[in-house]
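Asker: What follows is each chain in one-letter form.
2 protein chains.
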Amino acid sequence: MSPGPTRILILGGGFGGVYTALTLERLLRHDLRRGTVEIALVNRENYIVFQPMLPEVISGSIGLVDTISPIRRLCPNTNLYTRPIEKIDIQRKHIRTAAGLGTRPCELEYDHLVIALGNVTNLADLPGLAEHALPFKYLGDALTLRNRVIQTLEEAAIEPDPQVRRALLTFVVAGGGFSGVEVVAELNDFVRAVARNFRHLNTGDIRVILVHAGELIFPELPRSLAEYAQLLLSKRGVEVRLRTRLAGSTAEAALLEGGERIATRTLVSTVSSAPNPLVAVLPVKKERGRIVVDGHLAVPEYPGVWAIGDCAFVVDGGSGEPCPPTAQHAIRQARCLAENLVATLRGAPKTRFAFTALGKMASLGHRSAVGEIFGVQVSGFLAWWLWRTIYLMKLPGLDRKIRVATDWTLDLILPPDIVQLATEKPLAIRREHFEPNETIFREGDLGNSLYIILDGEVEITRDVPGQSDVPLARLGRGECFGEMGLVRQMPRSATVRTVTRVNVLAMDHYTFQALFAYLPPLRLFFEQLIQLRSN
Amino acid sequence: MSPGPTRILILGGGFGGVYTALTLERLLRHDLRRGTVEIALVNRENYIVFQPMLPEVISGSIGLVDTISPIRRLCPNTNLYTRPIEKIDIQRKHIRTAAGLGTRPCELEYDHLVIALGNVTNLADLPGLAEHALPFKYLGDALTLRNRVIQTLEEAAIEPDPQVRRALLTFVVAGGGFSGVEVVAELNDFVRAVARNFRHLNTGDIRVILVHAGELIFPELPRSLAEYAQLLLSKRGVEVRLRTRLAGSTAEAALLEGGERIATRTLVSTVSSAPNPLVAVLPVKKERGRIVVDGHLAVPEYPGVWAIGDCAFVVDGGSGEPCPPTAQHAIRQARCLAENLVATLRGAPKTRFAFTALGKMASLGHRSAVGEIFGVQVSGFLAWWLWRTIYLMKLPGLDRKIRVATDWTLDLILPPDIVQLATEKPLAIRREHFEPNETIFREGDLGNSLYIILDGEVEITRDVPGQSDVPLARLGRGECFGEMGLVRQMPRSATVRTVTRVNVLAMDHYTFQALFAYLPPLRLFFEQLIQLRSN
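Heads up: the protein sequence lines correspond to chains U and C, in order. Its first residue numbered 488, the first sequence is counted upward by one per residue in my numbering. Its first residue numbered 488, the second sequence is counted upward by one per residue in my numbering.
Treat the hints as calculated values from the structure; they're not laboratory data. Where a beta carbon is used, it is the ideal one built from N, C-alpha and C, also for glycine. Any given hint could turn out to be false.
Derived contacts from chain U toward chain C, CB cut-off under 10 Å, selection only [to be verified]:
(1) T565
(2) T584
(3) D803
(4) D956
SDA-like, lysine to any residue: derived pairs with alpha carbons at most 20 Å apart [unchecked claim]:
(5) U/K847 with U/T876
(6) U/K574 with C/D932
(7) U/K574 with C/I696
(8) C/K574 with U/R822
(9) U/K580 with U/E525
(10) U/K574 with C/R570
(11) C/K847 with C/Q815
(12) C/K773 with C/V802
(13) U/K847 with U/V829
(14) U/K574 with C/H996
(15) U/K881 with U/R822
(16) U/K574 with C/P978
(17) C/K574 with U/P978
(18) U/K574 with C/G931
(19) C/K574 with U/L933
(20) C/K722 with C/R748
(21) C/K722 with C/A734
Take a look, some chain U residues computed to stay more than 10 Å from chain C by CB distance [said to hold, decoys possible]:
(22) T493
(23) L509
(24) T523
(25) P563
(26) A586
(27) E596
(28) I645
(29) F685
(30) A734
(31) G791
(32) F842
(33) R854
(34) G862
(35) I877
(36) M880
(37) E925
Could you put together the complete structure from these sequences and hints?
Answerer: Structure, rendered in structure tokens:
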């Protein structure tokens, strides 16, 4: 029996995964041609996201797809599986992907496994964040944020209530690290530039707020650069709130520790990341949720298993310090891993991973940036020019380089775009979070959702002649409200306010109708409920 | 009491609506400045779609947002309401928009009303089309089609079953008019170009099929041009099926009249359009669903109400024929309407609408086109060059002209893009249609949906040792299946096939869990059901 090819399986299509595949393709060129080695890569999307440029998607100064690069073009000799991963079985050496358009799952076996799954956004720690805050990690997030910003401006332009208008024109970003600062800078530039296209909008009403827990933004950078950046943001109209922590969110406000509420419809959270759930359940040694690897980037307990990037705990061979989760490190680790993997296949000696970061840069929007390169601090227009040049060189693929360079050139002469690309369909069923004493809906509002209380208590009131807000009932866990407006298509006949903190499940009209009409137990339940409450 | 300004309200942001606003802004410049006139426009989106370029979004040869132009920039002195319209009250002279981010509806009163609502895509006429066919009218449709095509290629590249792979690589477009032919040409070019980036994909397996009811495609064009176009499409690998009508669709096939099934996962229907529901309920005289207007484009029964474009039945003053629903006509009608509206305000004489189309052109992808301009027939590369030049000139806004010209230039040198922008979240609850004797799921499949039968009958079978497909039960209207796999997270324990035609409501795992956990009557119902069926 002749053995089949050696199967190398890479999980994750970020910098770590893609650069591992790229390097392996180069080192194993002859083996791939002879068919003695096979490389496969599994990733949810068929592209790699170039994260440093993601904030520019907000303003549209980079074309929507130009921050991402197709993995198939970058790694033409790798078998790409565009599927979510469901399970990693490290004992039996195989993984299972979710079903695609068909319904059959797909199992892949391996001889060598490279885990490069990064981490995930975690908004579940604070109340209301998962429901109402916007993350900023994937291309879809950038697009969603852009659309939200345009929608709030559209709404503000026709909103008669000054208090609601002010909330619509308030934008809050939580987290003063690289990601948060780049987002707030780009967001601020974009909002202020496009607001001029809206009649009846006073740009003086716009508030862009950065909330940061520390004493100074940019903890990653030297103090003088951070101070420079902070001053620049303030000059451009960003309110920097230091020593301030986010405590939660509702649909209409960002909640701060200490009880302050900032009325807003746009809260971006860049603070929390968590280990990938697939990594979290792996039976290997971990440190702060990251897979502990040896100096050669191999997982000691399981020969043939390797890990790199943000999901791996890598101690630098030079400094003895753990590596920070940056793209630079992921790329260097990927190259080292690929070399060590090939050395293992050939029985050659492996090398220890050691790398000193070349520098750090952050864009501050509007033609300025800050950074430290080979120990030299740069700021302002020169830094911005360097930032663009360096990232353009790092951007994988020549066609992407040309497209981004063209985008940037056009961006110098053309105004920012204000079209809203509403591609998302809102979920038919969503969770919503409310703090105590908030209004869920008012008598007279249009009824477009049915609510089911998951926990907490609400009070129902109604206006009667000569008296407003007469209490009618209190409802708790498992009870519903809002069904009457939905069934009869009329404005809300009562006001609902929260008594305690409340989590609800809100179901839209379409979903409710579909379920109500066809699920007999549900129809019976609601018919009885409506009968009861109508009397 | 001094009267307020004269309020002109335009409904719809297509060519008719936007060009009416543009012309009114020019003619009423002084009145707008003095505040004696106000122009408002209500549209669901804040942009106008330049439809002739939409097919190029499929291949990405035009940037995603470059086919659309922001209405605020085009009409800076018009109040734009970016809201869906809920109701037109032509008696009381006001309209109501849907609630935006807030929950309060918005009512707008008018002195003059311009109805330019176009028509809507109607997939409800044939069974299964609304559920499984893709329309092609809006920007979102073009984006959805592009993503679907890339997804089917991704799936085909890793699909082991040759029959499923062939279905994934089959693309069907219904309708041989302008829209259908342009879509099939662009789709064909795109699929064949990008398939080369997929390993293990044989481009010979790709089928692109155009289904057309008539004797010859392009009924709008002279016979010789239509024949030229048909030959060209065939040469490029498109199968043109004439005298063939679509009869319906399932998730896995296009159904033709006569009973033939084409196994496919991508069916685009460009055939059916229907009157806008808002227009359908208006109490005015209509002809084929379109509002009948007089020679001045006014609605005779209601002074101050005007209608143009695809939703209006306009008889041309020159030829005496009804105007076809084209952008050229909508733009000319908009100008005439604006002039007549201003003449009405000033008590001046109005002009009759008369216009002879300058010509017709259609792109055939890959640098060729056909057309007839001022009676002269053109085809091939020259026609394509003319097509691009004419549309570039017609594209509203200088920034868009520059962006599209740049896109086209880059497209000449760069390969087409294959990144899949999965921005859509699938609906939590969707309808699905099945023909008789189809498999809904098989024993051993991954269970990811619960099904509720809306109408029709299904049979449940199971394999037992030594015997396959042993019938277990028949289920009908209002009954559920698939709940066990969902609750227990195991592969399907039985096979479900349709006996008759079946429509179901499919609910995904997330939605089911949410409802199951929190709605007491539903939990009880399913617990009893599972208990019953487990025994």
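Asker: Hint by hint, note whether the structure agrees.
Answerer: Structure-based check of each hint:
1. T565: holds, 8 Å
2. T584: holds, 9 Å
3. D803: violated, 33 Å
4. D956: Where the cut-off is 10 Å and the nearest Cβ of chain C is about 17 Å from U/D956, the hint is violated.
5. U/K847 with U/T876: It holds: about 14 Å lies between the C-alpha atoms, which stays within 20 Å.
6. U/K574 with C/D932: Between U/K574 and C/D932 the Cα gap is close to 16 Å, so the pair holds against 20 Å.
7. U/K574 with C/I696: Violated, at about 39 Å.
8. C/K574 with U/R822: violated, 62 Å
9. U/K580 with U/E525: Given that 20 Å is the threshold and the Cα spacing comes to 16 Å, the pair holds.
10. U/K574 with C/R570: violated, 44 Å
11. C/K847 with C/Q815: holds, 10 Å
12. C/K773 with C/V802: The given pair, whose Cα atoms are some 13 Å apart, holds under the 20 Å limit.
13. U/K847 with U/V829: Violated, at about 31 Å.
14. U/K574 with C/H996: Measuring from Cα to Cα gives roughly 17 Å; hence the hint holds.
15. U/K881 with U/R822: holds, 15 Å
16. U/K574 with C/P978: The given pair, whose Cα atoms are some 15 Å apart, holds under the 20 Å limit.
17. C/K574 with U/P978: Given pair C/K574, U/P978 holds - Cα atoms ~15 Å apart, limit 20 Å.
18. U/K574 with C/G931: Given that 20 Å is the threshold and the Cα spacing comes to 17 Å, the pair holds.
19. C/K574 with U/L933: Answer holds: C/K574 to U/L933 is near 14 Å, not above 20 Å.
20. C/K722 with C/R748: Status violated; Cα separation ~24 Å.
21. C/K722 with C/A734: violated, 27 Å
22. T493: Fine: 18 Å to the nearest Cβ keeps U/T493 off the interface.
23. L509: Consistent with the label, U/L509 stays out of reach of chain C, its closest Cβ about 16 Å off (over 10 Å).
24. T523: Nearest chain C Cβ is 17 Å from U/T523, so the label holds.
25. P563: Check fails; 7 Å does not lie beyond 10 Å.
26. A586: violated, 5 Å
27. E596: Holds: least Cβ distance 14 Å, greater than 10 Å.
28. I645: violated, 6 Å
29. F685: violated, 7 Å
30. A734: holds, 23 Å
31. G791: With a cut-off of 10 Å, U/G791 remains clear of chain C, as the shortest Cβ separation is near 23 Å.
32. F842: holds, 29 Å
33. R854: holds, 19 Å
34. G862: The claim holds: U/G862 sits with its nearest Cβ about 37 Å from chain C, beyond 10 Å.
35. I877: holds, 23 Å
36. M880: Given that every Cβ of chain C is farther than 10 Å from that of U/M880, nearest at about 18 Å, it holds.
37. E925: Check passes; 13 Å lies beyond 10 Å.
Hints 3, 4, 7, 8, 10, 13, 20, 21, 25, 26, 28 and 29, counting from the list given before, are not met by this structure.
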